[in-house]
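Novice: Single-letter residue listing:
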Amino acid sequence: MNGVHDMGGQQGFGRVLCEKAEPLFHADWESRAMAMTVAMGASGQWNIDLSRSARESLPPAVYLSSSYYEIWVRALEKLMLERSMVTQAELDAGQLITPPIKVSKVLTLDTVDAALKAGSPTERAIDQPALFKVGQKVRALNVHPQGHTRLPRYVRGHVGTVVSLHGGHIFPDQHTLRALPPFTVAVEWLYTVVFDGPTLWGDGSDPSVEVTVDAWEPYLEAVA
Amino acid sequence: MASHSHDHDHEHSTLSEMDVRVRALESLLTQKGYIDPAAIDRIIETYETEIGPHNGAQVVAKAWAEPEFKAWLLKDATAAIASLGFTGRQGEHMVAVENTPDQHNMVVCTLCSCYPWPILGLPPVWYKSAAYRSRTVLEPRKVLADFGVSLPESTRIRVWDSTAEVRYLVLPKRPPDTDHLSQTALAALVTRDAMIGTALL
Numbered sequence: 001m002n003g004v005h006d007m008g009g010q011q012g013f014g015r016v017l018c019e020k021a022e023p024l025f026h027a028d029w030e031s032r033a034m035a036m037t038v039a040m041g042a043s044g045q046w047n048i049d050l051s052r053s054a055r056e057s058l059p060p061a062v063y064l065s066s067s068y069y070e071i072w073v074r075a076l077e078k079l080m081l082e083r084s085m086v087t088q089a090e091l092d093a094g095q096l097i098t099p100p101i102k103v104s105k106v107l108t109l110d111t112v113d114a115a116l117k118a119g120s121p122t123e124r125a126i127d128q129p130a131l132f133k134v135g136q137k138v139r140a141l142n143v144h145p146q147g148h149t150r151l152p153r154y155v156r157g158h159v160g161t162v163v164s165l166h167g168g169h170i171f172p173d174q175h176t177l178r179a180l181p182p183f184t185v186a187v188e189w190l191y192t193v194v195f196d197g198p199t200l201w202g203d204g205s206d207p208s209v210e211v212t213v214d215a216w217e218p219y220l221e222a223v224a
Numbered sequence: 225m226a227s228h229s230h231d232h233d234h235e236h237s238t239l240s241e242m243d244v245r246v247r248a249l250e251s252l253l254t255q256k257g258y259i260d261p262a263a264i265d266r267i268i269e270t271y272e273t274e275i276g277p278h279n280g281a282q283v284v285a286k287a288w289a290e291p292e293f294k295a296w297l298l299k300d301a302t303a304a305i306a307s308l309g310f311t312g313r314q315g316e317h318m319v320a321v322e323n324t325p326d327q328h329n330m331v332v333c334t335l336c337s338c339y340p341w342p343i344l345g346l347p348p349v350w351y352k353s354a355a356y357r358s359r360t361v362l363e364p365r366k367v368l369a370d371f372g373v374s375l376p377e378s379t380r381i382r383v384w385d386s387t388a389e390v391r392y393l394v395l396p397k398r399p400p401d402t403d404h405l406s407q408t409a410l411a412a413l414v415t416r417d418a419m420i421g422t423a424l425l
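Sequences listed follow chains A and B, in order. Just so you know, we're using the working numbering here: the first sequence kicks off at 1 and counts up by one. Just so you know, we're using the working numbering here: the second sequence kicks off at 225 and counts up by one.
I should point out that these hints are in silico values taken from the structure, not numbers from a laboratory. All values reported here derive from a predicted model rather than from experimental measurement. Keep in mind that the hints are not guaranteed to be accurate.
Derived coverage of chain A by chain B (criterion: at least 3 residues anywhere in the stretch with Cβ under 8 Å from a Cβ of chain B; other residues may be distant) [what the hints assert, rightly or not]:
1. 21 to 30
2. 82 to 94
3. 124 to 136
4. 176 to 187
Beta carbons are placed, not taken as given, at the ideal position from N, Cα and C, and that holds for glycine.
Please model the entire structure based on the sequences and the hints provided.
Specialist: Rendered as structure tokens:
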């Protein structure tokens, strides 16, 4: 989706403001929101791509005017509402009204450390050979999918060079097709592709700049 | 003054609103049995006290001090970093990129806020800000200027946009006159921003 979240190259947001001695959290609710988002991932009712998709598809004005953890809270509520895990009345009241649905796992004090240490690797075995090799020129497709994608707009249609291959990884565009488990797991080759600054930003832009993106094979085509 | 006071009140009420909203959410999810509050406390404690840039600093110091480790880090960062015990969520697939006199590296996530949690902890607000996410790929030298960093024109700048589940660690240049330092002392020189590529050492 060509959403406001796809920020690369947008202008008008001003200087980067760095807070000196910034605290890890700016309010208690931020820490609770972060941890609940992490913990609810264990419910298995969505995957990381569906969770990103939920954040990106918040109304643009809401996305831009919310702090990052506020975006997480809104997206978490949305994911749970969509799956009837909670109702709006329950969110408003902070009280259980309807029984819970069955979830795959609840993180407990005994299991949480191991879960954080393990993470959720996305690399998977892949049978088909990679179409592209290191050093090869490839073009990022000029596509505008309605659904979730991880190909940023600013590289679409432009030619870059393959820097490295990362093996097969779960393809986000397919991983978001089904809202509920079992999710669609398509494994595609993942590449890092480098673009020259002037290719992306035009004549007169800084020639000493290069930008890489990590791109799944379906985002790329060979350049004749 | 009136305007300032208004802004302050507004900010205060926004925070309170989120506070109420998140408390209600936690209470509800606990009643539903979807979360265990003890696990929530433990996640917060982990990122407040155990996981942070001090982990990444150990990786960098070891790479500076031990050429074999540096070679391993640049070849297979996931395994090299895991050998120090740093694994897991948002660091499942790691790549280390080395700053040299010819090339400076910077890391961004233009689409969200992807960041290597096991070695740097949770990202600072500026890393997640619209200004950083939008401008770093377009005008990295101007972004560096916001951090007070200026590089020679002859230095190429490569910006790594974390668009997949690969997470990047910038291996900063080792500061001069540090040959005599222990790895612990070297690690103390390494800053979070240097490992993102928005600071030099």
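Novice: Indicate, hint by hint, whether the structure satisfies it.
Specialist: Hints, verified against the model:
1. Evaluation of the coverage hint for the region 21 to 30 of chain A: fulfilled, as 6 residues show C-beta separations to chain B shorter than 8 Å, against a requirement of three.
2. For a cut-off of 8 Å, the count of residues in the region 82 to 94 of chain A with a CB near a CB of chain B stands at 7, and the three-residue condition holds.
3. As drawn, the region 124 to 136 of chain A meets chain B at 0 residues by the rule of a beta-carbon pair under 8 Å; below three, the given contact is violated.
4. Only residues whose beta carbon comes within less than 8 Å of a beta carbon in chain B count, and the region 176 to 187 of chain A has 0; fewer than three means the coverage is violated.
Going through the hint list in order, the structure does not satisfy hints 3, 4.
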